[in-house]
Amino acid sequence: MNNSFIQINNISKHFADVKAVDDVSFEIKEGEFFSLLGPSGCGKTTLLRLLAGFEYPTSGNLLIDGTDITALPPDKRPTNMVFQNYAIFPHLNVEKNIQFGLRKLGLSNNEIDKRVKDVLLLVKLEGYEERFSNQLSGGQRQRVALARALVRQPKVLLLDEPLGALDKKLRDEMQLELRTLQKNIGITFVFVTHDQQEAISMSDRVAVMNDGKIQQLSVPNELYKNPENIFVSDFIGETNFLKAETKSSHGEFINVLIEGLGEFKIKNNLNIIANSSDVVCSVRPESMMISKEKSDWDICLDAKICQTSYLGEMTRFYVEAKGIDKIITVSSQHFDNKSFHNNECFVSMSLEDISLLNKK
Amino acid sequence: MNEKNSTLLIYTLLYFGFLYVPVLFLPIFSFNDANYMSFPLAGFTTEHYEEMWSKRNLHKALWASIKVGVVASVVSTTIALFAAKAFARYKFRGKKISYGAIMMPFLIPEIILAVAILVIWVNLGFKLGLVPVTIGHTLFCTPFAMLILLARIEGFDFSLEEASRDLGENAWGTFFRVSFPLYLPGIVAALLLSFIISFDEFILAFFLTGSDATLPMYMWGQMRFVQKLPHVLALGAVIIVFTTFIVLFAFWLRNIGQGKAKKDIAIKL
Numbered sequence: 152m153n154n155s156f157i158q159i160n161n162i163s164k165h166f167a168d169v170k171a172v173d174d175v176s177f178e179i180k181e182g183e184f185f186s187l188l189g190p191s192g193c194g195k196t197t198l199l200r201l202l203a204g205f206e207y208p209t210s211g212n213l214l215i216d217g218t219d220i221t222a223l224p225p226d227k228r229p230t231n232m233v234f235q236n237y238a239i240f241p242h243l244n245v246e247k248n249i250q251f252g253l254r255k256l257g258l259s260n261n262e263i264d265k266r267v268k269d270v271l272l273l274v275k276l277e278g279y280e281e282r283f284s285n286q287l288s289g290g291q292r293q294r295v296a297l298a299r300a301l302v303r304q305p306k307v308l309l310l311d312e313p314l315g316a317l318d319k320k321l322r323d324e325m326q327l328e329l330r331t332l333q334k335n336i337g338i339t340f341v342f343v344t345h346d347q348q349e350a351i352s353m354s355d356r357v358a359v360m361n362d363g364k365i366q367q368l369s370v371p372n373e374l375y376k377n378p379e380n381i382f383v384s385d386f387i388g389e390t391n392f393l394k395a396e397t398k399s400s401h402g403e404f405i406n407v408l409i410e411g412l413g414e415f416k417i418k419n420n421l422n423i424i425a426n427s428s429d430v431v432c433s434v435r436p437e438s439m440m441i442s443k444e445k446s447d448w449d450i451c452l453d454a455k456i457c458q459t460s461y462l463g464e465m466t467r468f469y470v471e472a473k474g475i476d477k478i479i480t481v482s483s484q485h486f487d488n489k490s491f492h493n494n495e496c497f498v499s500m501s502l503e504d505i506s507l508l509n510k511k
Numbered sequence: 012m013n014e015k016n017s018t019l020l021i022y023t024l025l026y027f028g029f030l031y032v033p034v035l036f037l038p039i040f041s042f043n044d045a046n047y048m049s050f051p052l053a054g055f056t057t058e059h060y061e062e063m064w065s066k067r068n069l070h071k072a073l074w075a076s077i078k079v080g081v082v083a084s085v086v087s088t089t090i091a092l093f094a095a096k097a098f099a100r101y102k103f104r105g106k107k108i109s110y111g112a113i114m115m116p117f118l119i120p121e122i123i124l125a126v127a128i129l130v131i132w133v134n135l136g137f138k139l140g141l142v143p144v145t146i147g148h149t150l151f152c153t154p155f156a157m158l159i160l161l162a163r164i165e166g167f168d169f170s171l172e173e174a175s176r177d178l179g180e181n182a183w184g185t186f187f188r189v190s191f192p193l194y195l196p197g198i199v200a201a202l203l204l205s206f207i208i209s210f211d212e213f214i215l216a217f218f219l220t221g222s223d224a225t226l227p228m229y230m231w232g233q234m235r236f237v238q239k240l241p242h243v244l245a246l247g248a249v250i251i252v253f254t255t256f257i258v259l260f261a262f263w264l265r266n267i268g269q270g271k272a273k274k275d276i277a278i279k280l
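Here the protein sequences line up with chains R and D, keeping their order. Going from the first sequence to our numbering is simple: count from 1 and add 151. Going from the second sequence to our numbering is simple: count from 1 and add 11.
If you're looking for bench data, these hints aren't it; they were derived computationally from the structure. Be a bit skeptical, because a hint or two may be false.
Stated by the list, open to error - Simulated DEER-style distance windows between Cβ atoms:
1) 182(D) to 469(R): 30 to 38 Å
2) 117(D) to 191(R): 38 to 46 Å
3) 182(D) to 257(R): 15 to 23 Å
4) 117(D) to 257(R): 46 to 54 Å
5) 122(D) to 222(R): 25 to 33 Å
6) 411(R) to 166(D): 54 to 62 Å
7) 122(D) to 254(R): 47 to 55 Å
To be verified - Here are the computed lysine-lysine pairs in the DSBU-like style, where the Cα-Cα straight-line distance is at most 35 Å:
8) 170(R) to 106(D)
9) 455(R) to 376(R)
10) 255(R) to 96(D)
11) 364(R) to 106(D)
12) 227(R) to 96(D)
13) 247(R) to 138(D)
14) 255(R) to 102(D)
15) 106(D) to 227(R)
16) 180(R) to 477(R)
17) 443(R) to 398(R)
18) 239(D) to 106(D)
19) 96(D) to 170(R)
20) 102(D) to 247(R)
21) 107(D) to 170(R)
22) 180(R) to 376(R)
23) 477(R) to 510(R)
24) 102(D) to 306(R)
25) 473(R) to 511(R)
26) 320(R) to 364(R)
27) 443(R) to 455(R)
28) 510(R) to 394(R)
29) 473(R) to 376(R)
30) 364(R) to 445(R)
31) 102(D) to 170(R)
32) 102(D) to 364(R)
33) 102(D) to 227(R)
34) 96(D) to 306(R)
35) 510(R) to 473(R)
36) 376(R) to 445(R)
No residue lacks a Cβ here, since even glycine has one placed at the ideal position from N, Cα and C.
All chains, full assembly: derive it from the sequences and hints.
Right, here's the structure in full:
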């Protein structure tokens with residue numbers, strides 16, 4: 152397995168004054184399901200288009216499998232793309248769409264037929280050869296786009312928010328299917344999405360982007376559990392930010408004064424400096440507990456519920472805690488809002504679920 | 012409600028009457044057995060049509076008009092295609108100015124355009140004839156062709172072209188396998204309308220033809236003699252029928268294209 156199958160070296164892309172991608176460097180492993188995640192305008196699509204060859208970088212270079220592709224046009228690159236709107240050729244039927252990219256590969260007719268048949272089987276579209284784009288559902292079009300790209304057996308498949316246009320149920324199905332497909336064929340996938348849940352559930356590794364820069368690159372559960380900055384913490388899942396300042400540092404740990412909660416010793420994963428007020432603490436709503444009785448957790452706060460929303464699999468409570476001027480969100484599977492007398496409750500958290508982050 | 016509808020109906024009938032009744036007189040009198048356009052009708056005859064067929068100069072003029080029309084429509088549609096693609100697809104410096112420059116022949120009075128070309132052409136020492144007429148018509152048809160093509164290309168999903176590049180086609184392959192087939196209804200519509208505009212054009216031809224008359228010039232020449240009027244009416248009737256068919260065909264082509272594009276967008280949404 153080649154750990155630097157795709158090398159992105161100091162890539163920048165400027166559009167007039169806008170730095171869409173700003174000096175980004177990282178590597179993607181061979182056979183990896185890699186996601187670029189971020190809000191719109193973060194540069195993830197530009198980065199994907201740089202890999203596809205639809206844009207050329209302002210500076211930096213790109214290598215795939217040891218070959219410098221920085222200056223190659225799209226038709227000379229070992230990549231293929233699944234477009235956001237699928238870009239199925241409307242004047243060609245499904246079969247002709249899939250054959251489109253095989254003409255230049257110099258294959259025999261038999262080989263072409265075999266490849267088309269195999270890929271139709273792979274994406275479960277047998278029997279749809281004669282259909283045109285406007286006779287297909289969104290999910291089917293997505294499969295055609297996938298088949299058309301995969302039939303060329305690219306080294307890297309680029310996917311630009313391919314599930315964005317599908318309804319939720321179909322999207323969930325396709326997530327699972329794409330993931331399975333990728334593991335079976337072993338092609339490296341670079342997947343662009345703004346949906347954090349999608350990125351987390353499908354990918355081997357995720358690069359979270361914002362303002363043209365990589366904010367954090369790691370395996371999904373690290374992003375969730377150990378976000379490296381306030382942006383990642385906020386973007387991945389939901390979180391509560393609490394005002395804090397650091398006091399004295401003790402090796403792996405640091406003393407932190409959290410507003411309304413008191414002073415605690417917290418793990419200092421990010422080597423944050425002592426005596427700084429430029430920090431913030433983050434606690435996930437689902438890592439906290441809401442209860443009628445006082446608990447024996449590390450921190451237990453008197454609180455009052457101001458609002459609840461029932462979400463089916465869980466209920467979200469918006470609570471006011473003594474000494475904290477911000478509404479805190481707590482998620483719980485165990486309670487509904489009727490369980491509490493006068494909306495009075497206790498909110499508990501353990502120290503290991505509090506992460507300390509730099510504000511900037 | 013009813014009253015309003017009937018007012019609108021009267022308005023509509025008046026409008027169409029005003030527009031088309033004079034035009035309908037042409038075919039009616041072309042079958043009338045008399046040299047004058049006046050009621051009552053004198054009787055049915057196809058004599059004028061027979062006379063029309065027998066005129067050698069008319070054949071010459073028709074052929075001249077077809078040559079000019081074909082060249083002018085092909086050249087102007089080609090220019091318009093490149094321009095429309097550039098305007099729809101790319102941002103570039105001077106976009107508005109060059110758009111305005113192409114549209115200019117729309118706004119300049121045709122007679123001024125004609126005189127300008129005449130003066131330059133003669134001063135360059137060239138002879139008048141079908142060549143300057145063709146150049147003038149190309150200039151005049153290009154904005155029409157571009158408007159039609161722009162309507163087609165502006166709604167075009169350019170990711171289709173990217174997809175083609177991505178699937179291994181170079182720029183030319185992409186043009187011939189993807190862009191051209193999808194632009195085709197627009198291209199044909201632009202060709203047909205440019206042809207018709209050139210075929211009917213009088214003022215530029217009047218100044219630039221010299222001795223090689225185009226069809227409108229021929230008709231103009233015949234009008235001076237009362238006894239020659241009827242076969243011009245017959246010719247006019249034929250041209251109206253022919254033009255109507257071509258224009259309807261062009262719009263039909265344009266519409267199938269756009270209907271399809273709309274459907275695609277609807278599905279996407």
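Exercise for the section: Compare the structure with the hints numbered earlier in the document and write down the numbers of the violated ones, lowest to highest. Expected result: Those not satisfied are hints 1, 5, 13, 16, 18 and 30.
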